[in-house]
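Protein chains: 6
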Amino acid sequence: MLKSVQIAAEKIRKLEVQGARNVAITAVRAIETLAKEMKVKNKKDFLKGLSNAKDILFSSRETEPLMRNAIRWIIIQVEKSDITNTKDLVSLVSLASQKFLKELEYSKEKIAEIGTKRIRNNSVIFTHCHSSTITYLLKKATQKGKSLELICTETRPLFQGRKTVKEMLKLGIKTTLIVDSAARFFMNKADLVLVGADAITSEGNVINKIGTSMIALVAKEARTPFYVVSELLKFDPATMYGDYEKIEERSPKEIWKKHPKGLIIRNPAFDVTRRDYIHGIMCEEGIISPHSIIEVVHRKYSWVFK
Amino acid sequence: MLKSVQIAAEKIRKLEVQGARNVAITAVRAIETLAKEMKVKNKKDFLKGLSNAKDILFSSRETEPLMRNAIRWIIIQVEKSDITNTKDLVSLVSLASQKFLKELEYSKEKIAEIGTKRIRNNSVIFTHCHSSTITYLLKKATQKGKSLELICTETRPLFQGRKTVKEMLKLGIKTTLIVDSAARFFMNKADLVLVGADAITSEGNVINKIGTSMIALVAKEARTPFYVVSELLKFDPATMYGDYEKIEERSPKEIWKKHPKGLIIRNPAFDVTRRDYIHGIMCEEGIISPHSIIEVVHRKYSWVFK
Amino acid sequence: MLKSVQIAAEKIRKLEVQGARNVAITAVRAIETLAKEMKVKNKKDFLKGLSNAKDILFSSRETEPLMRNAIRWIIIQVEKSDITNTKDLVSLVSLASQKFLKELEYSKEKIAEIGTKRIRNNSVIFTHCHSSTITYLLKKATQKGKSLELICTETRPLFQGRKTVKEMLKLGIKTTLIVDSAARFFMNKADLVLVGADAITSEGNVINKIGTSMIALVAKEARTPFYVVSELLKFDPATMYGDYEKIEERSPKEIWKKHPKGLIIRNPAFDVTRRDYIHGIMCEEGIISPHSIIEVVHRKYSWVFK
Amino acid sequence: MLKSVQIAAEKIRKLEVQGARNVAITAVRAIETLAKEMKVKNKKDFLKGLSNAKDILFSSRETEPLMRNAIRWIIIQVEKSDITNTKDLVSLVSLASQKFLKELEYSKEKIAEIGTKRIRNNSVIFTHCHSSTITYLLKKATQKGKSLELICTETRPLFQGRKTVKEMLKLGIKTTLIVDSAARFFMNKADLVLVGADAITSEGNVINKIGTSMIALVAKEARTPFYVVSELLKFDPATMYGDYEKIEERSPKEIWKKHPKGLIIRNPAFDVTRRDYIHGIMCEEGIISPHSIIEVVHRKYSWVFK
Amino acid sequence: MLKSVQIAAEKIRKLEVQGARNVAITAVRAIETLAKEMKVKNKKDFLKGLSNAKDILFSSRETEPLMRNAIRWIIIQVEKSDITNTKDLVSLVSLASQKFLKELEYSKEKIAEIGTKRIRNNSVIFTHCHSSTITYLLKKATQKGKSLELICTETRPLFQGRKTVKEMLKLGIKTTLIVDSAARFFMNKADLVLVGADAITSEGNVINKIGTSMIALVAKEARTPFYVVSELLKFDPATMYGDYEKIEERSPKEIWKKHPKGLIIRNPAFDVTRRDYIHGIMCEEGIISPHSIIEVVHRKYSWVFK
Amino acid sequence: MLKSVQIAAEKIRKLEVQGARNVAITAVRAIETLAKEMKVKNKKDFLKGLSNAKDILFSSRETEPLMRNAIRWIIIQVEKSDITNTKDLVSLVSLASQKFLKELEYSKEKIAEIGTKRIRNNSVIFTHCHSSTITYLLKKATQKGKSLELICTETRPLFQGRKTVKEMLKLGIKTTLIVDSAARFFMNKADLVLVGADAITSEGNVINKIGTSMIALVAKEARTPFYVVSELLKFDPATMYGDYEKIEERSPKEIWKKHPKGLIIRNPAFDVTRRDYIHGIMCEEGIISPHSIIEVVHRKYSWVFK
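Residue numbers (this note's numbering), protein chains in the order written: chain V, 1 to 306; chain B, 1001 to 1306; chain A, 2001 to 2306; chain Z, 3001 to 3306; chain Y, 4001 to 4306; chain F, 5001 to 5306.
Hints listed in this document are in silico derivations from the structure and should not be mistaken for laboratory results.
Heads up, a few of these hints could be off.
As the list claims (entries may be wrong) - Each computed DSS-like pair below joins lysine-lysine, with the alpha-carbon atoms no more than 27 Å apart: (1) Z:Lys3139 - F:Lys5189; (2) A:Lys2140 - Z:Lys3117; (3) A:Lys2102 - A:Lys2306; (4) B:Lys1014 - V:Lys140; (5) Z:Lys3257 - Z:Lys3163; (6) A:Lys2189 - Y:Lys4102; (7) Y:Lys4258 - A:Lys2166; (8) V:Lys258 - B:Lys1257; (9) Y:Lys4246 - F:Lys5140; (10) Z:Lys3144 - B:Lys1189; (11) B:Lys1170 - V:Lys257; (12) A:Lys2258 - Y:Lys4170; (13) A:Lys2170 - Y:Lys4258; (14) V:Lys246 - Z:Lys3080; (15) V:Lys189 - B:Lys1261; (16) A:Lys2054 - A:Lys2041; (17) F:Lys5189 - A:Lys2174; (18) V:Lys146 - V:Lys163; (19) B:Lys1014 - B:Lys1257; (20) V:Lys246 - Z:Lys3108; (21) B:Lys1110 - F:Lys5300; (22) Y:Lys4170 - A:Lys2174; (23) B:Lys1246 - Y:Lys4110; (24) Z:Lys3253 - F:Lys5163; (25) Y:Lys4257 - Y:Lys4102; (26) Z:Lys3253 - V:Lys246; (27) A:Lys2110 - Z:Lys3257; (28) F:Lys5300 - Z:Lys3261; (29) Z:Lys3054 - Z:Lys3014; (30) Y:Lys4246 - A:Lys2189; (31) F:Lys5253 - Z:Lys3189; (32) F:Lys5189 - Z:Lys3246; (33) A:Lys2044 - A:Lys2110.
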């Protein structure tokens, strides 16, 4: 019965689905399918099914706050609804799922619109890794007539920077690729740094691809504005209550396939950029100070804390 | 007649000889051979020959202050000598060459001795790229009974960090390899940073492998002592008179073999670490403040400025 | 029909009316007059008229968030009211205008009260340019028995510092005038820096007279508390959605009347002081951290975001 | 009639009761007793009595925001209640008192739970002075299986650090005591700094035992996370309106019993740690950025501002 | 007899002669003239006369290290010479004077040559006030084919920046003038800051036109290299022995001609830029770290310390 | 035969002699006495005796560079002398000892003279611990008519600050005592920080009483000049060659006499202040940048490196 959910979880675990946004979409759709396939008699069992699905999906990766918040929200819709008829509950889940995905789409558009305004004409943008929200933003900015240039790191070990530069070249944007450790060498040439986020903590810190915090340090030193581009729902409520955002450590093979025996290879996938290095978070609510993240989430999505 | 010199220069140009120390040794030996092979009648022509050799070797790479200082020194020995007999001049060059190489060897030993004292027992050393002076130092420290652990970056694009970790593993040193952009993630675990130098400027700044200046910034932020390990003769007198130490830019292929058309790849081989990030330079003269480099070189090697 | 509005807009454009507060008062009164003079049949046309007035006044200067927020608020009162009778709408606009101006007056009093408490007896205040809110605050503090001393920059190019020092001398306050670039020389003598604001962005940054951000930097270096004294309604909601607060660039003649041909003179009227340099914003709501500005405005004046 | 209150106030004044938490508890109990002992005829007189008690207790120490907020809250419960019968009002005060104390207890538990999660296994905690909330947190963390080590300053002049280390030794925690001025010497060995708070200002600054702000500076320099552990109700609303949190200055005898005549001894009990040095405040609401303190208090305890 | 010296001193006092270089030249010529005009019998009286001249010239301005060092040097030539014949001593003074001025000229050329190399093509230079050494350097750089752009402050109160921009416009250099307090606004556009020096202290600090230290602070923040362009003989040996370099305070009229009664106007002519803000001093000896100034002066001009 | 030396060493070991200066004097006198008492036949044995004395005295404390340099210097005088007659060697040692002590006295006077000039009238000096060179300097400054005020820390654990304040009170200087951790609280009131030195390293760092480096950090933050007052011969040549200046760790009893069992008490006597926090070293040679220490010592006392 939970097969569609298990398949989705597996895909997420094996990184066949990548990017916080895609992971969330996959999970939402799996929940929607599950709701349809579940043959249960009452709301209690319906909720039980959803709860099981939640457990399976939550355990697919250490942290994926956007996916987790998505699932949380859909379940809350069911819980707070007066509907008891299971058939209607299936429709409700379907509607909720659609609404969530639509909102996600809206956030992307809104962020692109905000970012476009924030990019001055003829400016040089610096980025790290690959973020679909950022590449969409740059596409929109270019379409709106903003002339811009991009400097992108290759982003070891998985070279996601290459994905970014390929997309940019297709848009005809002048693009420069550098090794990660050349960031300081080139920072004085940049007018603006844009990076994505995997998670945002209650203190206002941002978890993103390993190396982001070094780029933030370098940007601060060069007085180059540093912005995080992210949906608000990347906020992880667990950090509120003391949990560290877990830093996933990935296979040494990603760094060196046939490494010598005895060598320790450490491969953390993310690092933490402290709020004081971040000029602002560009989110669907506007450009906000990371220091006020809890209150903004409370105002917009208070259900997150439930 | 200048064939041996031309071959040496070619090897240096093509990076068949690598590392400031090896480049200097190769050049010195080529000069020694040339002296023997030159069939000239008088000191004037002998000096002319050396001068031609100097021009060829100097042009083999943008900057190689150690090699340049080596050649300068040998020629000065000839110039200031009273000898006029060409046969005796050949011997003189031979003696001078041997002396220079011996001094270089002595410097390495002295630096290893100093460094060994400076490493506290059971400490974690952080390094970047590969420096034969540093690996020798760590070997000596281990032999002297210092227990230590190494964290080394992989050092894109040419992965010289792999060379470093292989040598360390052979010595039985606990060694961890990380991607370059994880330096900040791991810096709080390090007790000491050691890096090499390609050149030292008159202001006390150090030119070294791309990424060094970022590691310096990260070390400062974490209050981890950052030392440069280098022979004093890496000092480049041209910087005194306004010349920028040229930053060699290497082939984009090193970063991405089959990169998309239209993509700009920037591949500077070095960056500049400002003196204020450097706790000290460990050199044959002892541990010195980089701010006093000119005067130390004046006291020890005043001929450099001629 | 829009004549009174056009006259007001013209006065604002030509700087016959100066200071955010005075500009707002002028605009509010013009709207009030317009409402009385408009001869329209229904609410729809009434609102159309107000909207036209808004467009004219908004275009009189690049940014004047206080004025813009004032106009926004009055129009919202009309929109959300159930009144449809145009005569009553005129009264409504009049009442709203009076209320807004009264609130503005209250803010000034409240800020003066807060600032008075925050000034320690026998302290030296440093300020830049001229702010009527600050001079009122200092007047009140003196009247309440606080003994204080003022250091003020001359504030090139228009010498508004002279206006400030004249007002202070009338109050019998010991006052020192310096050139702008002597700020760092004198900063260690100051106990407190107070500056005004032209606009506050969603990130918590403050736009104020050119030079303010340098004084902030200097104050931080000397560990001298730096406060912004401003009504909350200087908050500019457009910055939320990505718009840069426009930095007005004024005539070169202000800097050099008969300057040589070919010389470029750049004369930005304002600069941006980042939130991290600001100890607090003294506003009608109390002393707040600039980082929380969006949420404070949401709580107090949520209509601003409409 | 106000005897129990006067006795409580006297105990607080003479420091027979110490620690913000104990002071609050003592005051709440005195209010409860007073309510029972007051023989008044109507609600007006009842409130008059409470108000007198408030004045007496408030004047017992310069600032004790937790106590003040406790008393404020109880009186608000009476004011807003529809009850007029004095007997029932006595019960109401009693209930409110119990509720407040229970909430205080809950906060302590919640903070300990959050803190426990935030402490990584095998980490070294640095603290200053004595905070019952912190010692409780460390006890809980140890009970939950977290292995930790403590470095504590002796905390001149009253050596409260000795109290902390005694409690820790009883729990079997490895504990190191140092003089206050050795904080920088040992900071690189610490993974986390935890300090308490006496008061929190509207700007997000924290008032705590003298020396705290130096430790914060040293922690920042060493990139060691610095957290304040405190109930939200240590927030002092008076700071909002410009009042400086008063820094109590205590007897010179505490520093030097028989000091030479003519010597000035300054003995401020507290100092101010600016928000920018604080990674987060661990409070009953979770881990929050100090920059957002006003809005968090508004959301949770809006009555504080009344 | 000392008339020529007194006239020179008077011109210097009244600022009829301006700029450290011109002041030194005037003093040297006055000494030369005096030597010729003195009618004395023996070397002792000759030296007495020079010593009197020295006293008069030294007292003409608070500090003018270049002039003082010039006079010191000439007198030392006389003292250490074996010549006793007064006629020959006149020739000696004449020769020494010519030599000093020639050396000064050589320094200027050497500095221009060094600076030209240090300026990258197509770069933007930022400067403050007027320095004849810098304008000469920029002229030479332009003649050598370096394309550059200049941003210059107006430099209140005496607008020396206008002098600088006029000279630049004549050379056809693209030049922008800004008010002093706009330095931070424009700093990110600059590639290099060049300022002159009035004096250099034994600690390596530089005394220059008021505002220089603020520009240094701003340059550091933006990671823009900041160089001092100065002859080594601006070094003031008195600072070695504890004397503060006196900061001349000039007439309030320079700032505000008809200022209100009671107003204090402070008009320090110079401020101190600490060595840590200075990337290097471009002097006749090359580009040096300011931290090593004493030893460089000892090596080159050890007579300064006599 | 070595009895006088052994007694001296014992006194030094047991801290019966305190302060680098007194320790050096005691050792010099012991050497002088030894020379007189030794009954040896030839220079070789004479030198042997001195060498033994050196070993005994060197081992009396971990590091005492001033004493060590003193002994080194005396022995060098013997070594380099042509005298072979043992009787004359006794005289030579006596003369050398007297000369050394006289030079030490001269240094003290010179430093006091320099420091007096550097103290502005009516300024507030901040100091830590007790330094006889500093108290002498302040005495001289007061005698020369400088009006000054002193803030001094108590300096735990041995309260040497009390010694300092007692001496100051005798001189009639207005003196304030604070606990060590109040340094940051009072730093903004200070115009100048003066501290002593136990040793100076080749990098230019200063070893002094525990807490000095925290005061340096706090002074930097407040932009208060921080000077080290010390004889140049506190320079420790061993640091040149990699040796860490050993940080003596003293008895836990100094911190807590009857401490609980199981408690670890760490009591390092000194800490390291990095050169970048030091405005200058006031020494007999003048005020110098710590960065140039090696070269200054080379110029003045090159024998130190032998």
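For this structure, which hints from the list above don't hold up?
As far as the earlier hints go, 1, 2, 4, 6, 14, 22, 25, 26, 27, 28 and 33 are violated by this structure, in ascending order.
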